[in-house]
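Q: Just so you know, the protein sequences line up as chains W and P, in that order. The numbering used here applies: residue 1 is where the first sequence begins, and numbers increase by one. The numbering used here applies: residue 1 is where the second sequence begins, and numbers increase by one.
Calculated directly from the structure, the hints in this document are not laboratory data. Any given hint could be a false lead.
Since the list can't tell identical chains apart, any single copy or any two copies may satisfy a pair.
[To be verified] Below are the SDA-like pairs computed for lysine to any residue, each with C-alpha atoms no more than 25 Å apart in a straight line:
1. K153 - T128
2. K96 - G154
3. K125 - G321
4. K125 - E114
5. K125 - G239
6. K153 - R164
7. K125 - L112
8. K125 - R238
9. K125 - D85
10. K125 - H109
11. K125 - W110
12. K153 - V324
13. K125 - E84
14. K96 - G149
15. K153 - N318
16. K125 - N318
17. K153 - G12
18. K153 - G102
19. K153 - E165
20. K153 - E323
21. K96 - H109
22. K125 - E115
23. K153 - L322
Here the structure is a predicted model, which is why all the values come from computation and not from measurement.
Number of protein chains: 2
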Amino acid sequence: MANPSVVEATRGGRIESAHRGAGAVVDADGRTVLAFGDAEQAVYPRSAVKAMQALPLIESGAADRLGLSDNEIALACASHSGGEDHVAAVRAMLAKSGHDEGALECGAHWPLGEEEARALARSGKTPTALHNNCSGKHAGFICCACAIGVDPKGYVAPDHAVQREVTAAIAAMTGASLSEEMRGVDGCSIPTYAVPLLALARGFARLGAGQGLARERARAVARIRAAVAAHPSTVAGRGRFDTEVMSLTGARVFLKSGAEGVVCAALPEVGLGLAVKADDGAGRAAQVMIAALIRRFGGFDEETEASLARFVSPRLFNWNGLEVGRLRPAGPLA
Amino acid sequence: MANPSVVEATRGGRIESAHRGAGAVVDADGRTVLAFGDAEQAVYPRSAVKAMQALPLIESGAADRLGLSDNEIALACASHSGGEDHVAAVRAMLAKSGHDEGALECGAHWPLGEEEARALARSGKTPTALHNNCSGKHAGFICCACAIGVDPKGYVAPDHAVQREVTAAIAAMTGASLSEEMRGVDGCSIPTYAVPLLALARGFARLGAGQGLARERARAVARIRAAVAAHPSTVAGRGRFDTEVMSLTGARVFLKSGAEGVVCAALPEVGLGLAVKADDGAGRAAQVMIAALIRRFGGFDEETEASLARFVSPRLFNWNGLEVGRLRPAGPLA
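In isolation and in its complexed conformation, chain W is listed as follows (with noise of 0.2 Å):
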């Protein structure tokens, strides 16, 4: 049976495009507060796990010994828009590691962000692993490799000692089986194992609330969202939804986009945990999915609602700047 409508882009008075897709809210304990679409299908999170990826990062007591800053930290969570600063931090990042780019395995790609990539050009640059929008990921499984005493290299493959602990900290997070019919490779070449949008929201609830968690590894993720709500421009960048988003709500909202329409959320304050799938992978879907979920379930004062609405509802404007349609949740999201 086919997905729920969702998500609709209008121009004048007609829907253009539409989008279906499944979600769930859950709390720490697993009880399933908002389910729609197939919300037990399993779907590849990508970057949308990456606080999770980053836990042995922590709890291996590299992030410590190495003297790790928030900002780096928030950076091995982050899908970074690659200009001067996320650039300049990885490579600081991988310096206290001993390592340099060179060690990177993630492939180069022109930075994510628009304008980013633009003042790369215009500097006659051309982009390295370190522009790759994980490469602050891929420093801290760098940084992990070190404190667990295996050599990095060849830290992408599902045997590695590194990714070994990710995949355990991501199993043990959502209480999914991640085997190995359920793995792709990922855009930066790591494993991505597809897990049912129930269990990421449930991983995620964890996230938020440390609830059912070992006292280390509650540490961790308190220590992890801390580090993202400080530095929300590290893990995405300026103008880009995460960033903008956990701009504006703070604490409150630990939330992480993934390629192919995916969004994972924690809402710390009220316990829940959100996950969201377009079918169709589209992101700017995903991105009212979840906006519209947070408005719902956040328990926010009227101003923070009232300023969630570009989110939920965003304008569509032309290149002489007329608004010519917008993007609005529909079905089970109106």
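Place chain P on chain W using the hints.
A: Same frame as chain W, but now just chain P:
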């Protein structure tokens, strides 16, 4: 009822995302050869009908009077990448009408082509209306206004003499009623009218075959097709779908992509017109859909069919050049 799933994106052994859509293959007499999904639905064709929007430019005598080249006629049908060649050609075209970029009402944006945008940034410049992917079409409107003896100013408005001619041409080609309630505003500020997919397909069958058209219009569509076939890099740009497919197939395929997942095509040799719309507006889905239909109905030799495979089922690579998945036609297009 939901349109069928027509394109799948795979990763690892799983379907990561899927696109629903509708489409039609029609001959010039309006006989439906194939339809899937709701082919009666009216969709905004956006840039997909630029060739029809260019008909008044030819039929008004503007193209002849101003001595427009084939490349300039192709430019009037283009969503160009904003490269130096494109920009210089639009400037020259405007000069032939006694105007400069100040007459363009399309707004400015960074070049659609990523390489072209970076090249502009590298040169230290910022974009003007000439870089707008629609600037050639707009230059055509301005040339047309001059030929019919009206002030081009305000040519984007639905009731301007040029837009009335343009709207009449689309209505005649497609047989659709372009009433005010079907109207939205396009990215470049001109009106876009929602047209049923079956009617769009029929319009493109006529555009390809010239069948059932008055002599002057038949000559105009033939001239436009020849101009585009001779300059496939002008109508889009190096590496882009429209350019790459037409570079491969020559005059046997005329196709044009529009925003929000619409592509229309004519197969002049077999007398067919095609129109597809991805429900969610995804260009990647519309491209796979139209490529699958072109391969199936184009009557190509084995070699050309094999060459089309990279458009029908493109492989997806990550930043390290590893193949991580692919797009593939599904359901009625499998």
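Q: Are the hints correct? Go through all of them and say.
A: Evaluated hints:
Taking CA atoms no more than 25 Å apart as the test, K153 paired with T128 passes inside one copy only; the shortest distance there is 18 Å, against 47 Å between copies. Taking the shortest alpha-carbon separations for K96 and G154, only the intra-copy value of 19 Å comes in at or below 25 Å, while the best inter-copy value is 60 Å. Taking the shortest alpha-carbon separations for K125 and G321, only the inter-copy value of 21 Å comes in at or below 25 Å, while the best intra-copy value is 32 Å. Taking the shortest alpha-carbon separations for K125 and E114, both the intra-copy value of 15 Å and the inter-copy value of 15 Å come in at or below 25 Å.
Taking the closest pair of Cα atoms, K125 and G239 come within 25 Å of each other both inside a single copy (23 Å) and across two copies (22 Å). Taking identical chains as interchangeable, the C-alpha atoms of K153 and R164 lie at most 25 Å apart only when both belong to the same chain, with a minimum of 14 Å there against 65 Å between chains. Taking the shortest Cα distances, K125 and L112 sit within 25 Å of each other both inside one copy (15 Å) and across copies (21 Å). In the homo-oligomer, the alpha carbons of K125 and R238 lie at most 25 Å apart both inside one protomer (21 Å) and across protomers (22 Å), since each shortest distance falls under that limit.
In this assembly of identical chains, the alpha carbons of K125 and D85 lie at most 25 Å apart whether taken from the same copy (16 Å) or from different copies (23 Å). For the identical chains of this complex, K125 and H109 are neighbours both inside a copy (12 Å) and across copies (23 Å), given an alpha-carbon limit of 25 Å. Taking the shortest alpha-carbon separations for K125 and W110, both the intra-copy value of 10 Å and the inter-copy value of 19 Å come in at or below 25 Å. Only between protomers do K153 and V324 lie at most 25 Å apart by alpha-carbon distance; the minimum there is 21 Å, versus 51 Å within a single protomer.
For a Cα distance limit of 25 Å, the shortest separation of K125 from E84 qualifies both inside one copy, at 12 Å, and across copies, at 20 Å. In this assembly of identical chains, K96 and G149 lie within 25 Å of each other by CA distance solely inside one copy; the values are 15 Å within and 71 Å between copies. In the homo-oligomer, the alpha carbons of K153 and N318 lie at most 25 Å apart only across protomers (19 Å), although the nearest pairing inside one protomer, at 47 Å, exceeds that limit. In this homomeric assembly, K125 and N318 come within 25 Å of each other (Cα to Cα) only across copies, at 22 Å, whereas the closest approach inside a single copy is 31 Å.
For a Cα distance limit of 25 Å, the shortest separation of K153 from G12 across copies, 23 Å, qualifies, whereas the shortest one inside one copy, 54 Å, does not. For a Cα distance limit of 25 Å, the shortest separation of K153 from G102 inside one copy, 10 Å, qualifies, whereas the shortest one across copies, 57 Å, does not. For the homomeric pair K153 and E165, the shortest alpha-carbon distance inside one copy (15 Å) is at most 25 Å, but the shortest distance between copies (65 Å) is not. In this assembly of identical chains, the alpha carbons of K153 and E323 lie at most 25 Å apart only when taken from different copies (21 Å versus 51 Å within one copy).
When the C-alpha separation of K96 and H109 is checked against a cutoff of 25 Å, the pair qualifies only within one copy, where the shortest distance is 24 Å, while the shortest distance between copies is 41 Å. When the C-alpha separation of K125 and E115 is checked against a cutoff of 25 Å, the pair qualifies both within a copy, at 14 Å, and between copies, at 13 Å. In the homo-oligomer, the alpha carbons of K153 and L322 lie at most 25 Å apart only across protomers (18 Å), although the nearest pairing inside one protomer, at 52 Å, exceeds that limit.
This entry satisfies every hint, going by the numbered hints stated previously.
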